[in-house]
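**Student:** Residue strings, one per chain:
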Amino acid sequence: MNELQELYQQVILDHNKNPRNFGELPQCNHHAHGHNPLCGDQIEVFISVDEKSGLIEDVKFKGAGCAISKASASIMTTLLKGKTIKEARKLFDDFREVVTLDSNSNPDVMNLGKLAVFCGVREFPARVKCASLAWHTMINALENSDVEQISTE
Amino acid sequence: MTIANRTKTIEEIRADFPILSRLVHGKPLVYLDNAATTQKPKQVIDAISDYYLNYNSNIHRGVHKLSQEATDEYEKSRTTVKNFINAHKYQEIIFTRGTTESINLVANSFVKPNLSEGDEVLISNMEHHSNIVPWQLVCEEKGAKLRVIPINDTGEIIFEEFEKLLTEKVKILSIAHVSNSIGTINPVKAMIEKAHAKGIPVLVDAAQSIQHIGIDVQDLQCDFLAFSGHKIYAPTGIGVLFAKEQHLKKMPPYQGGGDMISTVSFEKTTYNELPYKFEAGTTNIEGAIALGKAIEYFNSIGIGFISRHESELLEYGHSVLSEIKGLRFIGTAEQKASVISFLLDGIHPHDIGTMLDVDGVAVRTGQHCAEPLMKRFGIPATTRASFSFYNTKEEINVLAESIRKVIKMFS
Ligand SMILES: Cc1ncc(COP(=O)(O)O)c(C=O)c1O
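Going line by line, the protein sequences match chains A and B.
Its first residue numbered 1, the first sequence is counted upward by one per residue in this note's numbering.
Its first residue numbered 1, the second sequence is counted upward by one per residue in this note's numbering.
There's no promise every hint is true.
With a cut-off of at most 30 Å between alpha-carbon atoms, the simulated DSSO-like pairs for lysine-lysine come out as follows [as the list claims (entries may be wrong)]: (1) B:K325 - B:K142; (2) B:K408 - A:K114; (3) B:K145 - B:K112; (4) B:K325 - A:K17; (5) A:K114 - B:K112; (6) B:K27 - B:K65; (7) A:K60 - B:K142; (8) B:K375 - A:K62.
Sample of chain B residues with no beta-carbon within 10 Å of chain A, all distances over it, derived [stated by the list, open to error]: (9) T7; (10) A15; (11) P18; (12) D33; (13) K76; (14) R97; (15) N114; (16) R147; (17) F266; (18) A280; (19) I347; (20) H348; (21) D351; (22) M374; (23) R404.
Hint data in this document are derived by calculation from the structure and do not stem from the laboratory.
Positions of the beta carbon are idealized from the N, C-alpha and C atoms, including for glycine.
Using the sequences and the accompanying hints, generate a full structural model.
**Tutor:** Structure (structure tokens):
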């Protein structure tokens with residue numbers, strides 16, 4: 001059960017059950033759809049960036065998906081608020097590293113902060129796409145390709 | 001009572017499939033993803049290595065001994081397939097890469113040349129993407145329309161609606177014999193009768209029926225039948241298209257190349273006789289030979305035992321899983337092959353699949369290449385357990401136990 005408990009940590013299960021920042025953001029200036037055809041996961045990410053300060057003021061998401069994709073989206077939204085776009089991109093890179101590093105490389109968990117909950121994902125390569133969907137969609141939203149569908153398949 | 005007919009016990013059958021004794025995450029493998037692909041018995045695996053160890057060579061080309069042996073085995077396999085589905089002639093059996101290629105061949109060589117604007121192609125709401133997309137492509141090119149037979153809430157074709165859709169505009173009916181996602185067995189024989197009464201040819205997608213139901217193409221009277229070797233205990237990359245000779249004779253080749261020609265000059269090429277006209281290039285020789293061996297193996301187990309055992313598993317699976325609170329079946333047709341699709345309240349199939357895997361249980365989760373069917377039921381995905389004759393009730397118990405663990409974890 002060890003790998004499983006690592007994947008489905010309490011934090012993940014909690015965010016799955018009670019997703020934070022769930023809903024729409026009608027006044028947003030960045031928005032994108034994401035879709036994983038393999039499992040049918042759908043997500044929409046709404047971001048509003050303050051034009052003057054360049055800071056992310058608010059983020060919301062909605063959609064249907066597995067526990068991993070939903071929790072990942074929820075945790076992502078909590079990490080983004082107050083960040084600059086550059087910081088958001090850096091977070092995305094860090095996240096990618098966390099979920100794809102091979103298990104022997106033992107990353108410095110202290111530096112990962114909240115992203116550490118995603119460490120379990122890398123033991124389940126089939127689930128990396130689930131965890132990444134919201135993040136790819138967020139990057140797409142920031143690039144403001146409003147119409148495009150992003151796909152992790 | 002029926003036990004007397006058995007040639008092998010279930011233990012002996014399982015011993016024929018070496019992979020079934022491996023461990024997954026430290027647990028015995030419980031392989032319930034047979035609708036995706038079946039495991040291979042050692043008789044089939046050995047046939048492939050025998051080919052490469054002893055008589056690998058190209059077919060229909062050499063005068064040397066090896067080529068003769070390979071050609072003989074390849075053609076013997078074609079006869080095995082012909083007898084298996086009771087086709088009239090070996091000329092009606094074409095080796096392809098699989099169901100997908102078989103359907104594409106019919107779409108391009110049979111339907112497309114005669115398709116005009118306003119014509120229709122008729123399929124059902126429960127088709128696999130490979131029985132949707134090839135038709136969309138030819139319809140788009142020709143300005144024809146794809147029409148879809150609706151299904152009811154149990155996952156059965158609504159027959160009256162089907163009859164209404166059978167108009168003179170329809171140029172082909174292409175229908176799954178068995179649904180890969182929910183296991184419904186469609187009344188293809190009755191559908192073929194109705195279609196033929198209006199002069200409409202019919203393709204049966206037998207990808208999910210060939211391994212469960214005895215098929216007799218002369219009894220069905222289908223014009224075309226497509227299936228994949230890998231779902232009937234043979235390797236991937238080999239499949240079959242059965243087509244009535246009268247159609248094949250009129251159809252232009254699907255691909256051009258070697259072996260499908262009789263004479264070639266830069267001015268004019270004449271095509272080879274049937275079925276070689278439709279087998280361009282060097283084919284999957286070892287795959288075709290192994291398919292023959294897989295069918296021989298299948299016959300040695302016997303369709304009688306196979307259908308009895310698989311219906312028992314289906315019934316047992318339904319009864320054991322229906323005791324689990326929060327579990328809902330998707331697809332409850334009266335006539336079903338041994339496929340069970342289900343949902344768990346509030347738990348996504350992907351999470352179920354991962355957790356079952358850790359217990360050694362292999363199931364399919366997702367849309368099963370049938371997005372329109374998922375949409376019909378208003379769900380994003382399901383978890384699917386599909387049984388073969390080598391599965392056991394004990395394995396279904398492991399599945400049920402593992403599902404209970406998933407529910408506990410997420411509660
Ligand atoms: C009903 C049905 N049709 C067609 C196919 C496509 O078969 P293949 O991918 O082997 O060509 C499948 C495979 O899953 C199937 O289940």
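**Student:** Could you run down the list of hints and mark each one as holding or not?
**Tutor:** To see whether the hints hold, each was checked on the structure:
A threshold of 30 Å between alpha carbons decides the hint, and for K325 (chain B) with K142 (chain B) the separation of about 50 Å lies outside it, so the pair is violated. The straight-line distance between the Cα atoms of K408 (chain B) and K114 (chain A) is roughly 26 Å, inside the 30 Å bound, and the hint therefore holds. A C-alpha spacing of about 12 Å is found between K145 (chain B) and K112 (chain B), which places the hinted pair at or below 30 Å, so the restraint holds. For a cut-off of 30 Å, the pair hint linking K325 (chain B) to K17 (chain A) stands: about 19 Å separates their Cα positions.
Simply put, K114 (chain A) and K112 (chain B) have alpha-carbon atoms about 57 Å apart, too far for the 30 Å limit, and the pair is violated. Proximity of K27 (chain B) to K65 (chain B) is assessed by CA-CA distance (about 47 Å); at most 30 Å being required, the pair is judged violated. Restraint check for K60 (chain A) and K142 (chain B): the C-alpha separation of about 44 Å exceeds 30 Å, so the hint is violated. The hinted pair formed by K375 (chain B) and K62 (chain A) meets the criterion: a straight-line CA distance of about 19 Å does not exceed 30 Å.
With a least CB separation of 38 Å from chain A, T7 (chain B) remains clear of the 10 Å interface cut-off, as annotated. Distance check on A15 (chain B): its Cβ is at least 30 Å (rounded) from any Cβ of chain A, clearing the 10 Å threshold; non-interface status holds. The claim that P18 (chain B) lies off the interface holds: its Cβ sits roughly 24 Å from the closest Cβ of chain A, which is beyond the 10 Å cut-off. Non-interface call for D33 (chain B) relative to chain A: holds, since the shortest CB-CB distance, roughly 13 Å, exceeds 10 Å.
Every C-beta of chain A lies more than 10 Å from that of K76 (chain B), the closest at about 40 Å, which supports listing it as non-interface. The Cβ of R97 (chain B) lies farther than 10 Å from every Cβ of chain A, with a closest approach of about 22 Å, so its non-interface assignment holds. The non-interface label for N114 (chain B) is consistent with chain A: the shortest C-beta to C-beta separation is roughly 33 Å, beyond 10 Å. R147 (chain B), annotated as away from the interface, keeps every beta carbon of chain A farther than 10 Å; the closest lies near 24 Å.
Every C-beta of chain A lies more than 10 Å from that of F266 (chain B), the closest at about 44 Å, which supports listing it as non-interface. Distance check on A280 (chain B): its Cβ is at least 31 Å (rounded) from any Cβ of chain A, clearing the 10 Å threshold; non-interface status holds. Consistency note on I347 (chain B): stated as away from chain A, yet its beta-carbon is not over 10 Å from all of that chain's, at 8 Å minimum. A Cβ of chain A approaches the Cβ of H348 (chain B) within 10 Å, the least distance being about 4 Å, so the stated non-interface status is violated.
For D351 (chain B), the requirement that its beta carbon stay farther than 10 Å from each beta carbon of chain A is not met, with the minimum near 5 Å. Not every C-beta of chain A lies more than 10 Å from that of M374 (chain B), the closest at about 7 Å, which undercuts listing it as non-interface. Against the 10 Å criterion, R404 (chain B) stays outside the reach of chain A, whose nearest CB is about 14 Å from its own CB.
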